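Residue numbers (UniProt numbering), protein chains in the order written: chain A, 1 to 392; chain B, 1 to 225.
Please note that the accuracy of each hint is not assured.
As the list claims (entries may be wrong) - Under 7 Å between C-beta atoms, here's a sample of chain A residues computed to sit facing chain B: (1) Ala-16; (2) Pro-18; (3) Ala-22; (4) Leu-171; (5) Pro-175; (6) Leu-275; (7) Glu-297; (8) Ser-307; (9) Leu-308; (10) Gly-309; (11) Ala-311; (12) Met-385.
Just so you know, these hints were derived from the structure itself, not from any lab. As the structure is a prediction and not an experimental result, all values here were calculated from the model. Cβ atoms here follow ideal geometry from the backbone N, Cα and C, with glycine treated the same way.
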Amino acid sequence: MRVRDLVGEAVAGVLARPVRSALTTLGTVLGITTLVVTLGVAATAGNQIVGRFDELVATAITVEVPESTGTPLVTWDAVERLTRLRGVESAAAVAEPEEGESLPVRANDLVDPTRVTTRSLTVLAATTGLPEAARGRMVRGRFYDSGHVRRGDRVAVIGDEAARMLGITRLDRAPAVFVGKHAYTVIGVLGDLRRERSLSTAVIVPPTAGRRFGLRDVTRVLVNTGLGAADLIAGQAPTALSPGNGDMLQVITPPSPTRARDGAQDDVDALFLILGLVSLVVGAVGIANVTLVTVMERVPEIGLRRSLGAARRHIAAQFLLESTLIGLTGGVIGTALGVVAVVAISAVKQWTPLLDVRLAVAAPVAGALVGLLAGLHPALRASRMEPVDALR
Amino acid sequence: MPEPPVIELSRVCRRFPARPPVRALHEVSLRVDRGDHVAVMGPSGSGKSTLLNVLGLLDRPTSGRYLLDGVETTTLRDGARTRLRGDRIGFVFQSFHLLPHRSVVENVMLAEIYGGPARRGRRERALAALERVGVAHRAAFAPNLLSGGERQRVAIARALMGQPSLLLCDEPTGNLDSRSTGAVLDLFDGLREQGLTIVLITHEQEVGERARRRVRITDGVLVEE
């Protein structure tokens, strides 16, 4: 028997009952669609998570400076050395009060019984690179510069939340805030922070001014690096900041991107994968059932074919090929639906759809395999039939 | 060397295991020469169908020898018997056995799918076979649009496709009215004149009378009339 004849007979057998064949493919279609959607969306979403990590977290390094008696571990000008390192995009040294400590801050000396004028806010000292290091921007006004620092000017920059609480809405009349007994001219409002969001409720003063509140030494250094430079800079930063005592500094680095990707892949919803596999099994059982019924219905045809000189293997091959074709059809339709679904979900979520080509090829093959396995039993039964019985 | 007979049965027995064993054929000897037209007559349950199955290589005799075209068949393996069946024997069934979802010409072409000649010219050969039985004008029809007589003639065309040595017919007119029966029997006469060997099983007296030679089978025993 020629392969072309075999294929022709199998195709004719499938097309002889088009509605039944179409319904039989449904189980496979559902199973393959679920699998493709699950794997496709998982890959797509995994890629998105990694992308976000890359943008924000993967480039952020924080160096914690432990308290020391005697000479400080990190001096205020050490940040200058750090920014000279290749790969560092911005850095700022910060002196923060001890855990949770805040100071009374008020915008004026008027006693207004209708509103609270004195707020309890965090006051901290920082070097001039803070807006960039905290990935924020000046909403109003400007940040202080090295001139202010050198002269010890009594200026302050406040976070946008702090500005709202203190009722400072404009800077053109040089408003002042009172921290304790001292007045500071507010020259800028810092907002849109994407790192260190707590700064939005803080009052930031130059290091020279911060000494008055006990903010003497650097407690933390914020560093932003170029993409991929985080690990390198994490190794170099302690030495640059504190050449003699680098090993006493604590460097907090982002999780490496590869690990983030693995984590995302692990999150592939196992439930949906199982659901897809169950649908496939149900689809296989459906194909097996329908093929068995078809074999029983076609007993006279089997007898006729045997009388025309068909060997048992020809009969088996035809029914196997028919069930495989049904499985393959289901696989192709399921893959197409799955790909469309992944693209649609990505469009709604504004993701970049990510689809493994191997998946698009393997899914129809899996469908055909399901059909092949499902057809084994019916095909064997058809081929074992005695022609005498089949023709009776 | 003289041409061997198409069928040579000698002392063929076929028993079915049961308690007591069913003796469907007992010591049957039959010789059918090329160009013969033999009718096997007998009531139902007499062993007609068993004889047809043995002749058509669909069943193996329990004992005895069966030579088809001079080839000893009782010792052949399954695959060889299947090939021999496809090559040498054309079957015509009472219920036609046409595939309902295929056109008339495709049904006839089916005869060459298992080990026939090359695909090239298959449709032409099928059309020629349909021409030979006089239903070429129905080639593109679905079988269920044809009358019973036409369907049986399509089945005969299919049996003729493989140039068989033997046309084996099982109650070919059992499902037909008397007019169609006459037409099919006329066709058999014509085919026999063309040199084809025909063995036909029937329980209808008038069908048997059209054959050149009649044998009667009763309780598994074959008697020449």
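At a threshold of 7 Å, is the proposed contact between Met-385/A and chain B supported by beta-carbon distances? Where the cut-off is 7 Å and the nearest Cβ of chain B is about 12 Å from Met-385/A, the hint is violated.
For the restraint on Ser-307/A, tell me whether the closest CB of chain B is nearer than 7 Å. Holds. Min distance 5 Å.
Taking the closest Cβ pair, is Pro-18/A under 7 Å from chain B? Result: violated, 10 Å to nearest chain B Cβ.
For the restraint on Ala-311/A, tell me whether the closest CB of chain B is nearer than 7 Å. holds (5 Å)
Taking the closest Cβ pair, is Leu-171/A under 7 Å from chain B? violated (87 Å)
Mind checking the CB of Ala-16/A against every CB in chain B and telling me if the closest is under 7 Å? holds (4 Å)
Just to be careful: measuring from the Cβ of Pro-175/A to every Cβ in chain B, is the smallest value less than 7 Å? violated (91 Å)
Less than 7 Å between beta-carbons is the criterion; does Leu-308/A satisfy it with respect to chain B? holds (6 Å)
For the restraint on Leu-275/A, tell me whether the closest CB of chain B is nearer than 7 Å. violated (36 Å)
When the least beta-carbon distance from Ala-22/A to chain B is tested against 7 Å, hint result: With Cβ-Cβ at 15 Å, over 7 Å, it is violated.
Hint Gly-309/A vs chain B: min CB-CB distance below 7 Å? Holds. Min distance 2 Å.
Can we keep the Glu-297/A interface hint, with Cβ of chain B closer than 7 Å? Check failed: Cβ of Glu-297/A comes no nearer than 11 Å to chain B, outside 7 Å.
Violated hints for the displayed structure, listed by number in ascending order: 2, 3, 4, 5, 6, 7, 12.
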